[in-house]
Structure formats: C-alpha cells, structure tokens
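S.K.: One letter stands for each residue in the lines below.
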Amino acid sequence: MSKLPLEGIRIVDITVVWAGTFATQVMADLGAEVIKVENIHIWQTLTRGMQARPSKELISTQVPMVGGYPDREPGDRPWNRSPLHNSLYRNKLSVTVDLRIPKGMEILKRLIQKSDVIYENNVPETMEKLGITYDWLKEIKEDIIFIRVPAYGLSGPYKNYRALGVHLESVIGHNVVRGYPDMDPSSNSAVYMGDYVAGVQGAFAVMAVLHYRNRTGKGQLVEMAQAEGAMPMLGEMIMDYTMNNRVQGTLGNRDMHGAAPCGCYRCKGEDRWINITVSSDEEWRGLCKVMGNPSWAQEERFSDQLNRAKNQDELDALLEKWTINYDSYELMHLLQKEGVPAGPVMTAPDCFNDPHLKERGFFHRVSHPEAGTHLYPGFLFRISDIPMEYRKPPCRMGEHNEYVYKEVLEVSNEEYTQLEAEGHIGMDFDPHIR
Amino acid sequence: MPDELLSDVKVLDLTHYIAGPYCTKLFADYGADVIKIERPGTGDPARQLSPFFKDEPHPEKSGLFLHLNTNKRSITLNLKTDTGQEIFKELVKEADIVVENFRPGVMANFGLDFPVLKGIKPDLVMTSISNFGQNGPYRDYKASELILYGMGGEMYSVGVPERHPLKQGGNVVQYEAGAAAAAATMGVLFSSRLQGIGQHVDVSIMETQLAGVDRRHATLLAYQYCGDIQPRIAGWMPGYPSGAIPCADGYVEIAAGAALWDRVVKMLGEPEFLKDPKWTTPTAQTDPALKEEFETFFIPWMMERTKAEVWQAGQAARVFCGPLFTSEDLLHDQHFNERGFWEEIEHPETGKVKYPGRPFKLSNAPTPPRRPAPSLGQHNEEVFSDLGYSSEELVKLRDRGVI
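So the sequence lines, in the order shown, correspond to chains A and B. The first sequence begins at 1 in this note's numbering and counts up one residue at a time. The second sequence begins at 1 in this note's numbering and counts up one residue at a time.
With the rest of the complex left out, here is chain B:
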C-alpha cells in the first residue's frame, strides 16, 4: 500500500449534502479510507442536485455530488433497522473517525450516539456537523446556505445601504464549515492517537461563521471595542479606489485607501497632481470632493486599459488587486494550467471531466490517484465481505431493505 498522508486513517462517513461531504473529501483526497454510508435506494440527496452532466438529472451525474465525493467508497445501509445498526457497530470497531451531519438527535434515535460508539471504540473521534449545534434553543431549527450566512456570517454589511444585504456565491458557507470540521477532526485525531482518548466534536455551522475570519471576527470585536456596527457599503472600504472598478474589458477589484495610497500613486505613474499633501490628510479618503477629483483622472485611466493591463500595473506597484474572472476565464487561465491544478477524472457515466484539484501539494508524500465519486452502493460487496458476510447473506440483507 502506498504510504500516503492519511492512508492509516479510516473514516465512516454518514454525511450528505455539502458541509459533511467536503469535510470527508479532504480526508479521502489525501489517502484516508472513507466509507460513505448512504440510504438504500436514494442515497445522498446531493445526488439529486444540479448541475447535472449534460443537464440530465440522474443520481450518478450531479456535478455537485461528483465533486464532493471523490476518492470515497460507497455502501448502503439502513440505519433505521436493528440489523443496519448492528452492522454499523461492527464497522465502528475498525474505524478511527465517524463524521455525521444528521439533525441533532437522529444518531441517538438510531442508538448510535457518541457514548454508545465510544463504548465500542474507546479512542473514536466523532464529528457532528449541524446548523446550530447539538444544544441550545435553535438546535432543531431549519436553515439554508442563505440563512446560516445571515445569522452567523457578516452578511449584514455586504451590499449597498438602500437595498437588502447579499449572500456569498453558491454554497460557500457550507464548504467553509466542512473545511473547519476537517481541521477539528484532524486535531482531535491527535489526541486519539497519542493519548488513546476519543472525543466528540460539535460543529455548529452558524458558529463556524461567527468564529470565522471573513470579517465577522473583527466586526464583532470592533462592536465590543467601540459600539459601532459595521455599515453596509459597496467596495473594500470607504475611500478610493476601492472595490470592483470598470475598465476597458471588464472589472478589476482594487483595495487601496490611506495606508496604501503611495502604491496607488505609483501604479498611476506618479502624476504630479497626486503629490499634493491634501491627498494624505486624515480625512482625504472620506472627502467626496477629493474623491471626485481623483476619479476625473482615474476612471479614464482605467477605461483606457484592459483588466490584464490594470492587473499588471497594479502588481508592479504592489497594489492589492485582481481581475474579475468567470469560470470560463479561470479554466483557460495559463497560470493554473501551467501549475497542473486541474485533475481530469474518468467516470463511467460522464467520461473524462476536469475537476478542481487538491488544495495543497506535498514534497515528501505521495498523493493518491484520483478515483471518481462512487455510484450508490458500489462498494457493498467488498466492504461487507471484509466484515465476513457471504454473497448469500448480502442478497438477504438487500431483500430486507437493510442494504
């Protein structure tokens, strides 16, 4: 067996949708044996979510599911049945980690909560991911990507003051929670390995936003420090230049302001009029007349240049900036292609498709070859025969709706 980063780690994956599967994907993509345990018949509901390959709804063709479940094995198991629960307990004996994202209380209803599983495997790490955590008044409340960002994240200050606040793109909050859960799980695996002690990790997606670095950490503390609420304003900060600014062929996101003013002047070729001390007074960045004067020069300067040209001029002057790319621009971008970031994966239903690669590279450990996301129950036979079930017994279990 190749000695990959996590090839000695076995994960039982009871997760579905996004946050949980992204957590276990990080383990799987670096060599852990991740056994995804799905409901017989329908499996992970993410199998029903768009985008589908060639827009054809099909449980093995969801791009979301295919992306989130690379390198995992799939078995089906009905945890509502006594036999299903017994089989799960047998699997736990050989596992290092269980990750689940059922509604709080569901694992207890199955008779599979942490005290029970720890009784079977004393050094087990169990990670439970839920919307609001395993206790508290909102424990059983329902949520969505949008709702979790509004409650936990710094949504209030995104957008313009006269309109409603804005969420992030896609399902970012759930991915962030999954990545945070992976860090927690990996950390606790240390205690498990070195001290022989199992632990239960409670991940509230709302709290992964509140404690997260996407501004909420600083706006909460700033409110405590000075009593002011972060306002909803467009751009990076009040001041100029700031935010997504139009140019000849699109937009460039630029961050500047008082602390970075010298860099902006340099980017613009050090025009004489910007050397006046009025541009560096404490109130220069909030003076509307100065902003207007600046833009009289700056907007034409932007409109005469492409986003690539602005990006380069900015980088030469150490200005924090970047062009607004679409997914199409991104896939064709020279940098990421040259670095070999994209990974092409062959799947029986889709053929070869390009996927986002792994987040980090290692100098001194092999990374496992890519395996596509499993079809529903693809690994039933190999996993259950490892537990000692014969083919005949498997047929019976299937007939009884256990697998």
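Just chain A, with the same shape it has in the complex:
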C-alpha cells in the first residue's frame, strides 16, 4: 500500500462557499492536512449553511440542498448538520480563531510558519482588510504558496465584485447558451460549473506549484480569477466568435456539433426521462431497430444526420410518443444493447439504487457525531494502489482546536485556556448570530 500522495503537506484553508472549498477537499482526499480556519463570531453565508440557526419552520420551506438537514431538524448546532456544508468537509480539520483582533493574526502567523499552502477565495478586499498579503506571508515563510481565487481576479474594474458560480457564469456567457430555446432565460435554473472548475483547477494549480517548489525551492502567489478559469470550458463558443463573429444562442439539449436526434424524452412513470444521442447512421439504424422500424423513421426527412438535425422538432415529437411507453432504465438497456447511446435522467434515489454505482462501491457509509449515519457520495477518481476514503467525517466547527493549538502550534495548556477566554476557541457561534 502506498502513502497518500499529499501526505506531509499542510494547507491553511480560509475558503468560503464552494469554489475554494471543493479544491481543498480534493487535496484533503489526496492526503494533505487541510486546516479550515473559522471564526465563531462571524457567519459566512452559504458555507456552514444559509443561516446559523434556522428555525425548523424555515428549513421546512427550503429546497433539500439548503433545508435538508437530517430529518429536517436543525438540531443543537445546525452548522454541523447542513448538507451544503457536510458534502464538502470530509478529511479536513477545523480550528477556530478570531482574525479580527491582533492575537488572532498572531495565531495565523504561527500556523503559516508550519504550513505549505494558504488557500482563499474571498472578495480581494477581505484579505486586504485583514492584512493577509503575499508580502506579509513571504516574510513569515519564504517559500509559502498563496493561492487566491476571487470571482474576477486581483485587478480590473470587477476586482471586488461578488459572485456565486452562476453569476460569473452569466458574465462569461454560459447562461445564454443553456436553457429552453423557446423560453426566456428566467425559465432556467442556477448551475455551478464555475465552482466546479475553480475547485479542480485550483487543486491542480496548487499541486503543480508544490511540484515546482520541490524542484526549485521557490514559493508562489497563484491568482486564478474564477471567471477566467471557467472560460476555457466554453472555448469552442468563444472561438466561434473570435473566428467567425458568430454569437451562439441556446441549443437546449441539442448537440452543438450536429448529432441528431439529441434530446431528453419523457418515459413511463411520474417525471421520468431518458436522454438519447445519435451521432451516426449506424446508431440511427440501432434506434430504428429498437423502435421496431416504424415507417415514419424511413422517411426522407430523417434519412441522414443533416436531415435529422434539420427536422429535429418533428423527430423529437415522434420519438417521445414511443419513449413514453417505457421505463427509463429498461429503455437504456434496450438501446445500449443495439449500440445507441442512452441513459436515464437520474434522481438521487436512482443514484443510490443504481447497480453500476453499487458494483463500483461509489457511496460510502459515514457516521458523523451530530448528523448520524448515512451514505455519502464518493470521490472524483480512483487510484490503483491508494484507497480513496472518508478518513474523517465532515469536520464540526472547532472540532480540532485541541490538536491544532496544542500539537501543531505547541500552545501550552495555560495559553489554550486564555485563548478560550479571549474568544478564539469554541464550538458554537456567538448567540447573537441568527
């Protein structure tokens, strides 16, 4: 059995919401010691939930992603039970310190001396107000790696603009190219491609820079504007504009390279759907065979890719009259058997019951002291000799104060008690925080 790849690397995590937090989770999974720095006097909306102390009544009105606390009960410490939070904090440690006062910054300084990386994705002015700059960090530790992942970067007119993934995706042109082609953009929902790529590319950046440090001894300031990191995901649309002056509109579920039919069709049951994509004549013949070669499918208007693309609205309507008779899973297997790409739109229960995911052991049973025992989603990838595991359940706020203060920072028992009294150390938010 090999060691975890990042064993021995310590990361100070001052990230918020998802974009930075996902990056440190990837590196925690790979064995880095990620220490999440939190403040019991400050509530960061969307990081440990929407509100610190939501009422049972409020969460009962919220969508599961936000209000889906275990059994819809906020519990004594809701911030340790939120699905928004607990889905991103496995394998991490949590320490609390009040960075608004000099003593807190002194503690941070001591932590940085013993760390390799400091990761943040706040609005740039937040770090500036705290005095956390690359120059300050370099003085503390010459080869420190500081990665900053704000929405729009450390310079330029939008420097201090706030955004969740969906907002910077609006700005980079993602939201106008997805949606129902026959409805306006208000009919669409928020997605977070921006957070996803900021996370994995941020992790890539840190590991590449650590690799460079191992070779050259050099530290680094890494700047990744989330908006810029996400733009390559839309590269072909951007290139269509820079090469051809063409502005891409929304294609709905259709394929931008011309595969047809390509769509989402209703199946038997309540709100059940199947996606089908046909990108060759061979696959079209497979689809026709499964449909029992109906006469309409032999018509000239569907004879090849170009014709099928041109007449896709009619084709979709005819296909849906057929798919509606089938269970989405059953239809996937029938189509795949004939070499036709197809798959159900999977809900959460579909995922937990899926035979493929079961056989691959995707989900992990995890016990959390304040949330109970549940199946948690697995990992982004597998490594042959290194088991990816929930070595630790999602960290509760302040859970690792003793370890971080006493073992990492070598604080005496006496000083620890004093820090507790000064309000740095704790496991509960201030009572005034709602």
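Simulated from the structure, these hints should not be mistaken for lab results. Be a bit skeptical, because a hint or two may be false.
As the list claims (entries may be wrong) - Computed list of lysine-lysine pairs in DSS-like fashion (alpha-carbon distance at most 25 Å, straight line): (1) A:K3 / A:K114; (2) A:K114 / A:K268; (3) A:K56 / B:K291; (4) B:K278 / A:K56; (5) B:K361 / A:K218; (6) A:K141 / A:K114.
Based on these hints, arrange chain B on the given structure of chain A.
M.R.: For chain B alone, kept in the frame of chain A given last:
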C-alpha cells in the same frame, strides 16, 4: 530551457475529443512536454468537429481542436500494429505520464495496459478517462455530453417542472472531467516523484459529476439526510428575487432569499414598505402574495435600469448578481481585456486568432509562450529521430501505415 512550472514533465497523450485533451492541455499550457499521439490519416476525431474557421470543414481548422490542443506536439502512430506498439513502449521509457480515453479494454487489446507499461516504467502515472469507469455493468455503454450529465450530474432539477430537464451549455461536463483528471494526475505524480511508485488513475466521467460540486454533492447528501428529492424549479432558489430577471436591456442573474434579504433591501434603496417585519418571517420567501407585492415594486425597478446599472447597484449592496453576457459582450468587456486574459495565437491555417487564456497566473515562474495546436503528425520527425529513427526508416514506417 526556461524553467517553467512543469517543464520537467513528459506526457504521452493518447486522448481524443474533449475530456482527455483538456486534461493534457492544462499540462501543456504550463510547460509540460505533451506528445499527442494520433491515428495516422485522420487523427483526433475532434479535428472533424465544428466550429471551423470561416465555416470551412478542414482537419486543421476546427476551433474546438485548436483550442484544446495548444502547446502540444503531434505524432502519428498506429497502435494496432506490432511496430506501433513497440515504438509506443520506447516512448514510455522516457515518459512520466500516459493519459488515455479509449473505451475500457482497448489499451489491453493493444497490449499496452497499465501492468505492461508499469513493467517498462515502474514509476509511471497512467490516467484512463472513460464514460463510466474501467469496471461495472455500464463499462461498455455509450454516452454523450447530455447522457453523462443526466446520469451523473444534477440535470433532473434544472428547468421548469412541466417540461423536460435541461443540460448545461456546450460540452461543459467533459471539460469538467478533464480538469478533474488533470488534478488527479498531478496529485499522483507526487507519489511517483517522491516515492517512486507508479499508479493507475480511473476517471469515470459519470462519477466526476456525482462527486462534483455542481449541486450533486449536496442534493445526494440532502436526500440521505431528509429523504427529499431536489425539485426542478427555475431560478436560484424558491423565493425572490431569484434567477435571471429582465431589465431594460437584457437580464441580470440575482441570488437573494431569506439569508440575503437585507442586501436586497439595500440595493433597492431601502424603501419604507420593505422594512415591515412581514418580509422576514420564516415563510415570507414562500408566500405567493408577498412575492407578488414585492414584484409590483421590483419589476418596474429592474425595467428602469440597464444590466450594467443593476449590476452596480447590486454590487454596492453586496448582492450576488451578474448580467447575462453573450460571447460578443465578453470579448469586448473592459475587465478581461484590461487583465490581458485573451491570448492571440498565430496558426498557419487561420492566421492570428484570439483564444481563451490560461486559467491561472503565477508570480514566480515563467509560463511558456503560446504555440498553436499541432497539425497532424507535425512533430513526427523530431520525436522519432530523438528515438534514433533515420529519415529512411521513417519513410518505411509511413509506407507501412505505422506512422
């Protein structure tokens, strides 16, 4: 040789289409030597995909291919031939990383699966990207961008309840998988360098969605916690204001709701009627009558302002928001131009064209100058002559269809 971030890393790139090439592009754009190994004759099928420069279908003019393959070298090699396989093994001796995205089992058919390659290079990192992973009942199933999002991603809850669920734009799922694969590969390179141990990374695109941060992580866990399925509703969350909202000259995406209500009130200039406590009760955000009352004021407020004005008012009040831009708006936007994000690259078939720049900037390491995507087999001679093949031998290999 300039000392770039990854200039000591050599990658053999057996990938095609999107996910694999984006993974190796990240390595190439930060200095790794990425040798793209293509099928003789046709090469990477992405060369056949639109959009084409001036809409002229041509294997060296696909915008998709040009974007995904910057800074790489291209050689051709027929891995179905014994000689092709032998040459590949010679290349592996000098490589740090192999990335491939063939259907599972194809590398084994070539006699080039991980156990074989590890025998040649014990500390090799090999990354295999596939639709559903290297094992399991769906291993050999076919997929597409749409299908992978529907199965792995949180597609079910995107759109409106009465209609079908919606995918994301373009090929986002495959890009995300490529970026995730790059992170995995870089992480495992650590083990390789520090411990001298090679590893095989199995990337299932479906699982990169299931384990990804685009809501699926939270909706799966929420289902476990409370038994409820994330519903398909438009906007950011139920409540108001939420989602893409029309204004004088377009739309602005806004996220608000109970936790951020104070910011919205501030953005709207703190009108008296919004100070009533009824707006902050636990059920205020789900009360249709209150929503209607709010919109009586809010919709005219939006329609009197341009998207730039709404964006600024929102930012001044710390509201999470952003205007809906097209690619045209984006390319002309002052911010990204001022930051020098776009990179102009000269290519023999297209001349100078603007490309999306690199995702991150470094204070203390040079980034390599941009080289355009290679033409098919452009680097055959230099790569194969490094292996000791003479020009004569190369002609013979070409005649035999090996390169």
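S.K.: All hints, please: hold or fail.
M.R.: Hint-by-hint comparison with the structure:
For the suggested pair A:K3 and A:K114, the alpha carbons sit about 21 Å apart, so the restraint of at most 25 Å is met. At roughly 59 Å between alpha-carbon atoms, A:K114 and A:K268 are farther apart than 25 Å, so this suggested pair is violated. The straight-line distance between the Cα atoms of A:K56 and B:K291 is roughly 22 Å, inside the 25 Å bound, and the hint therefore holds. Of the supplied pair hints, the one linking B:K278 and A:K56 holds, its CA atoms being roughly 18 Å apart against a limit of 25 Å.
Under the criterion of a C-alpha separation no larger than 25 Å, the hint pairing B:K361 with A:K218 is consistent with the structure, at around 15 Å. Under the criterion of a C-alpha separation no larger than 25 Å, the hint pairing A:K141 with A:K114 is consistent with the structure, at around 9 Å.
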